Amino acid sequence: MSLWEYANPVKFMATSGRILPACAVLAGLVTLVGVCWGFFATPEDYKQGATVKIIFIHVPAAMMAINAWAMMLVASLIWVVRRHHVSALAAKAAAPVGVAMTLIALFTGAVWGQPMWGTWWAWDPRLTSFLILFLFYLGYMALWAAIDDPDTAADLTSVLCLVGSVFAILSRYAVNFWNQGLHQGASVLRAGAVTGSDTEEKVSNVYALPLFVSMAGFFLLFLALVLMGTRTEIRARRIKALEARARMADA
Amino acid sequence: MRALLLRDMRLAVRAGGGFGLALAFFLIVVTLVPFAVGPQPEVLGEIAAGVLWIGALLACLLSLDRIFALDYEDGSLDLLATAPVPLEGVTAVKALAHWLTTGLPLVLAAPVLAVLLHLPGPGFLWLTVSLAVGTPALSVIGCFGAALTVGLKRGGLLLSLIVLPLYVPVLIFGAEVARRGVDGLAVGTPLALLGGLTAGAVALLPFAAAAAIRINLR
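In order, the protein sequence lines correspond to chains A and H.
Residue numbers for the first sequence follow the numbering used here, so the first one is 108 and each next one is one higher.
Residue numbers for the second sequence follow the numbering used here, so the first one is 10 and each next one is one higher.
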């Protein structure tokens, strides 16, 4: 029993077909619980009022936006090294989900920023790097869409993903260097904050607990969407193969 | 490799090679900016360094698809791929040729055009230095983008969508050097970072470009 068994599309389809419904239902439930708990059962912040509750969408979406790219990077590496088609297709399926998460994070951030910072947008390092990440996603998806041959497309997008990851990290630090930030630093998950050893301010447990539920929900949602997308890609590939075979039979 | 360098430069300089077009484009961008923002010297001087960097970046972008497209169409890229010279060397030489025919003229023209934009005195040296250090990175990154899109029919727009986000760090550090030069601040840190970025790109990206070309020629 090894992980590489799932490189076999038939095996992958069988297993993912069993997992997907459970995963989708669980994703819906957990996200609903997290978001509803966050929206209706937490107190309003003494300074931010009800706008603080945007955190339950904003933070999970931002987390998944970055993790989707990381997943694409790993999947691209697996394709480059071991040439498993399922891996390349999973990377392809993750990109639209990642770009949607990036957009959600940018949009909810703007909606929160308007009343809190008094502006929809600021050229803050975190905001700017998210915008750049959005552009990287667009370029990656455009390259997939532009190439007809599926193997060439998988190869070239993998190379772009590897090089792009390096440049995305470079951009992140370049942007830090370029401008001072308005956005708060990491304040949800921090080693010192959990053990209580650090005295910096962190998100109170009243908000942190529903936030964790919401993050788990978004993670499951991402998993379900990527599984569904990968299954669709595999089916599309099969249809193409069948059509090609039918044409061969006619000729 | 020297023969390849000379060949690429000759092709670029001769009629239809597009040499000079990038320079003319650079000039036009710089001419259009005062029409858009107004002719006040203070305003222009404030944004001059940034405008010149953006102009150089766009001018560089314009000529990128020429690096491989013509060789791909007439089949000489296949010959180069099977030649005894490693493909990594070919891509590096082609990026160098692109820099010599596009980047270097832009660097030399920038101080002249900076006069048109009323760039404050101390900025001239550092603007030129930042462009001289940064444009090789633009050529190498662009060479990688061109290698990715060489097999596509209409890759031009896609090429800019892929390459421009990769230009972000170079632009940030390059423009920062020029801006600090104008304000008379120390430029050491961003200049060192820009140099490191260029060195890293020149060292590593020819390999990625060669990999992309091998995939495209399959």
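Read the hints as simulated data drawn from the structure, not as lab findings.
Possibly wrong hints are sitting among the right ones.
To be clear about the criterion: a stretch of chain H counts as covered by chain A if any three or more of its residues have a C-beta under 8 Å from a C-beta of chain A, and this derived list gives those stretches [what the hints assert, rightly or not]:
1) 102-108
2) 174-184
3) 192-206
4) 213-222
DEER-style ranges, computed between Cβ atoms [what the hints assert, rightly or not]:
5) A/A249 - H/L109: 51 to 57 Å
6) A/I276 - H/A201: 14 to 20 Å
7) H/R163 - A/I346: 25 to 31 Å
8) A/F284 - H/G98: 30 to 36 Å
9) A/R342 - H/A141: 32 to 38 Å
10) A/L349 - H/V22: 37 to 43 Å
11) H/L134 - A/P222: 54 to 60 Å
12) A/W111 - H/G98: 31 to 37 Å
Note that the structure is predicted; figures quoted are calculated from it, not measured.
Every residue gets a Cβ at the ideal spot worked out from N, C-alpha and C, and that includes glycine.
Checked hints:
no.	hint	in the structure
1	102-108	violated (count 0)
2	174-184	holds (count 6)
3	192-206	holds (count 3)
4	213-222	holds (count 4)
5	A/A249 - H/L109: 51 to 57 Å	violated (30 Å)
6	A/I276 - H/A201: 14 to 20 Å	holds (18 Å)
7	H/R163 - A/I346: 25 to 31 Å	holds (26 Å)
8	A/F284 - H/G98: 30 to 36 Å	holds (33 Å)
9	A/R342 - H/A141: 32 to 38 Å	violated (53 Å)
10	A/L349 - H/V22: 37 to 43 Å	violated (53 Å)
11	H/L134 - A/P222: 54 to 60 Å	violated (46 Å)
12	A/W111 - H/G98: 31 to 37 Å	holds (36 Å)
Taken one by one, the earlier hints fail for this structure at numbers 1, 5, 9, 10, 11, listed in ascending order.
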